[in-house]
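Participant: Following the hints, complete the assembly by docking chains A, R and E onto the known chain F.
There are 4 protein chains.
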Amino acid sequence: MELVEDLELTSDVKRLVKSMAKTSFNARRLGEALEILEHVVNECELRVLSLAGAVTPSGFRRLVGEALRRRWFNVLITTGANITHDLLVAFGGGHYRIPLEFDDRLLKGHGVCRIYDIAARVQDFELLEKELRLVLEDVKDGVYSTHELIKLIGLKLRDEGSLVRSAAVSGAVVIVPAFYDSILGVQVWSLTQTRNFRVVEDLDLSFLINAQFDMKKKRAKTGILIVGGGVPKNFALQSALVAGKPFDYAVQITIDPPHYGGLSGATLSEAVSWGKVEGGGRHCTVYCDFTIALPLLFSALA
Amino acid sequence: MELVEDLELTSDVKRLVKSMAKTSFNARRLGEALEILEHVVNECELRVLSLAGAVTPSGFRRLVGEALRRRWFNVLITTGANITHDLLVAFGGGHYRIPLEFDDRLLKGHGVCRIYDIAARVQDFELLEKELRLVLEDVKDGVYSTHELIKLIGLKLRDEGSLVRSAAVSGAVVIVPAFYDSILGVQVWSLTQTRNFRVVEDLDLSFLINAQFDMKKKRAKTGILIVGGGVPKNFALQSALVAGKPFDYAVQITIDPPHYGGLSGATLSEAVSWGKVEGGGRHCTVYCDFTIALPLLFSALA
Amino acid sequence: MELVEDLELTSDVKRLVKSMAKTSFNARRLGEALEILEHVVNECELRVLSLAGAVTPSGFRRLVGEALRRRWFNVLITTGANITHDLLVAFGGGHYRIPLEFDDRLLKGHGVCRIYDIAARVQDFELLEKELRLVLEDVKDGVYSTHELIKLIGLKLRDEGSLVRSAAVSGAVVIVPAFYDSILGVQVWSLTQTRNFRVVEDLDLSFLINAQFDMKKKRAKTGILIVGGGVPKNFALQSALVAGKPFDYAVQITIDPPHYGGLSGATLSEAVSWGKVEGGGRHCTVYCDFTIALPLLFSALA
Amino acid sequence: MELVEDLELTSDVKRLVKSMAKTSFNARRLGEALEILEHVVNECELRVLSLAGAVTPSGFRRLVGEALRRRWFNVLITTGANITHDLLVAFGGGHYRIPLEFDDRLLKGHGVCRIYDIAARVQDFELLEKELRLVLEDVKDGVYSTHELIKLIGLKLRDEGSLVRSAAVSGAVVIVPAFYDSILGVQVWSLTQTRNFRVVEDLDLSFLINAQFDMKKKRAKTGILIVGGGVPKNFALQSALVAGKPFDYAVQITIDPPHYGGLSGATLSEAVSWGKVEGGGRHCTVYCDFTIALPLLFSALA
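Chains as they are written, first to last, in this note's numbering: chain F, 1 to 302; chain A, 1 to 302; chain R, 1 to 302; chain E, 1 to 302.
Just chain F, same shape as in the assembly (with noise of 0.2 Å):
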């Protein structure tokens, strides 16, 4: 048993996160996150982000491919959503703050949709369904995986705050398993009914239980942090069940409590019976919203 020891007061990040890693509660697990995280991105040959939640709406996307652009991951699994809103902004339109007070139906009336303390424009998901149809343009009939088609789209953009255009710049893979689930989804959906591609998901299932199969053949390192809950999640974790390799490195930021039994909040030691996460290997979970905690973890990173 080691001693609590006082938090420091320090205006320095890293310092501020290591110095919670000998406090308790949250702090302590924030602490060991970073611990983690080091292995991750120092040790692992496959190192997931898994991303639900608004996190390119709310002011996190140039972070996240921040994070892609110096390979601490090289596959980001996520939202549909969250990839119609980089596209948004990288296609010149906005999010807005707003007060929460704001009535809903008036929104509606003004063509505000709200995601919480957010605003987002009718007028610019309009913009984004023109240029997306400019943009895929000249795709070529046949069949696509969502990461193939992520990158098509990424290697386009020139907006340098955009994930979608650091993951395609970095080789990162992004996936996108609810892809019909989105914005985006709606919008190839549409186009697709008078062309001749098609966007599927088993194609990505495919990539990522191979990848998995490889990293155990190679005997290789394999770490995650997961963002949020959801279908990224579960994708990412069962690829590690199917092929046999629980990852040895998790890291888990999430506001969903265990006890009402959904895979959200599902801890990690869970995961461990089910050969998703090695149960010899090093896991936290971390309760806290991302927009707090992503930030410090990864400016500790840095």
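Calculated directly from the structure, the hints in this document are not laboratory data.
All of these numbers come straight from a predicted model, not from anything done at the bench.
Errors might be hidden in some of the hints.
[What the hints assert, rightly or not] Okay, the calculated beta carbon distance ranges per label pair:
#1 39/R to 122/A: 47 to 55 Å
#2 160/E to 42/R: 49 to 57 Å
#3 1/A to 171/R: 50 to 58 Å
#4 100/A to 18/F: 27 to 35 Å
#5 42/R to 2/A: 36 to 44 Å
#6 152/F to 160/A: 28 to 36 Å
#7 160/E to 122/A: 43 to 51 Å
#8 3/A to 140/R: 34 to 42 Å
#9 210/E to 11/F: 56 to 64 Å
All C-beta atoms, glycine included, are put in the ideal place defined by N, C-alpha and C.
Facilitator: Same frame as chain F, but now just chains A, R and E:
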């Protein structure tokens, strides 16, 4: 302003929920949810049940199946896991009640996978794989939506408690928008590597958007019960957005608060700004574990 | 390992809760809580109800009063606010159901105070003040515990729905460990500035610790139902610790998760390490709004 | 409507928190909280820190002590447990970091009490008892408020890291409104059985209400930082209500959502309806574990 009334001590479930409507906090919301669901069941032509969370392994597959057999809902949108665990039982497997204290590494060693306080055995997953191969043996070549495939399976089941079978015999459409994010999806993916059929979700998107357009044309009422958040919630709501036909009635059962900004916890008021829920309609959110709220609502509705 | 069983659709509350016991997550815990409470009510000599949260303004004062009249509990530990709002009604005031959208600045202007979706009127607080002065007019000089003062008040009330009156006529002891943290406390404080009586909580501490020592001497069983956390929970549990007589049976209804480290969310297993709950005893925590869980448990117990 | 801006990756804590203010969700609130706290520290004459949760055992006693030494706050309202665990260390004991897996029955057998992931030893509580007797040996007969007693103790301590000592030497008033709900309270209660001094909280109520009346008379600004909810929060806010002097600035750090109706999760907007917080003032709530939010805010303030 009406008076808060004293809750009535009664042995009758419906009377208890009706009495809750005149109290406060989530009891009041539960009472209000019952009123709205009565409208959904009695007035709406499109009646969607969106279901995230571990509903079928936890003892609620027959309850939900009963809701479909009674035609309370005619579209079910859910996770692949809920279909997987329904089939696991339909094919002869089972789920077991276990204490939380069990060691996950030992469970792994014994071929037992944990879902909070439930155990599922690896051997039952193997049985599922074997039986599923038989069931899908005569599937003809072609491209299938998830709801077509699930109907095919449901019609072949004999387990009366099965949710999938109940849907099939009741004509309820079952959509799994993140199909490959589940053991069922992995099994189908594995089969289709050597077969000439493919399961794609864009066809489900077409189906649901068309159904919504149809409702719009007819000026028919639409209603939804959202249990948990995730992809099922978003997929259901986005179809209303795309078709320009907001849901007239909406009830949400969740434990996710809105203030972390994720879609799962997003309020139904926020959904009004997107055109997913009707501004002049009725909606309410109950913050409660579905394992408690669903039995109360469904018993009171029955 | 016993099988998870299908929840039974039934109109009978007790049967529903008993059926929940064979399912999972918080429904299972609710079923287990009922079993433990049956032991508390039937076997325990000291039966404590610890009550935090806005129980009396929200429509549950009569329900809890009924639990005391039926002798399910003989000690109630609660907040001053719960006594205040019970008296507010007993003296002729009321609580009102309001929508969440009301503007708090306007409410302030109209002399209306909000408790989430409940309104209380300033004029009713003034009525409370006036009536309380009358009730306490003939209190003799001296030093009183909170439970003595509350009994004095309860015996003078005529409102049959009153929790305070129900306690007084049933012989249940009502302790308010943070007495001056309430409008009732402020009113008494105001009165005692010009009177010669004083209310002190160390006498309540004496009473409860002695009661626990008594149980220990007699080797009698003790049980507790903890609703919400806060001071009532800690005050109840610390008496067990001080007397060296851990509770044999304990049920906790809360929505606070353990992982933020606060006492309100602390598990009953943690309480075992302190000697507050018996290691070999039975305990369970239900994560649910009390407005839903209490009516179910009390209706099933009745 | 201002644009959501990209979070800046920086090693400087203050700059990071300032950058968060232009993003979304709880990061934005944390940034806003910093702005409001700057007003509290610089403009307010009454500066209250309300502190629930296990702050002193978890590694944050020196941090809070530092906040008092810097005069950021001149009144601290907290739980008896926080004073107890501060004294436990000041008298030579310690708190230990432990894994969550430890068995609570075994811990009990080893004389170790658990607070989530912290251990405290029974022998250190015995040391506390012994030392406290010495410290209180020469307390004169009479009736004491909790803040007078705590000051007496603080002035006798030599541990520079002690929160109680820091308060005493800085002139900050420390109020414990539920004094007898703690091991400290029990020890004092035990001592006073054979002594002629008594600790009563009505004197603390007098002090705080008078302080508020004083602010009102002077038209001085008042501000509050509420960490966690419970009795400290309510006791602080009710003093504003009683004196008719709502707080001009208020920040709340909590993880309790409002929708369960309890005081701990109640919004500061709701407090406006009661006259506890100024309608035209500035207030904000950050949903975050205090172990993460406090170090960020205090490091940025420093």
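Participant: Give me the numbers of the hints this structure contradicts, sorted from smallest to largest.
Facilitator: 1, 3, 6, 7 and 9
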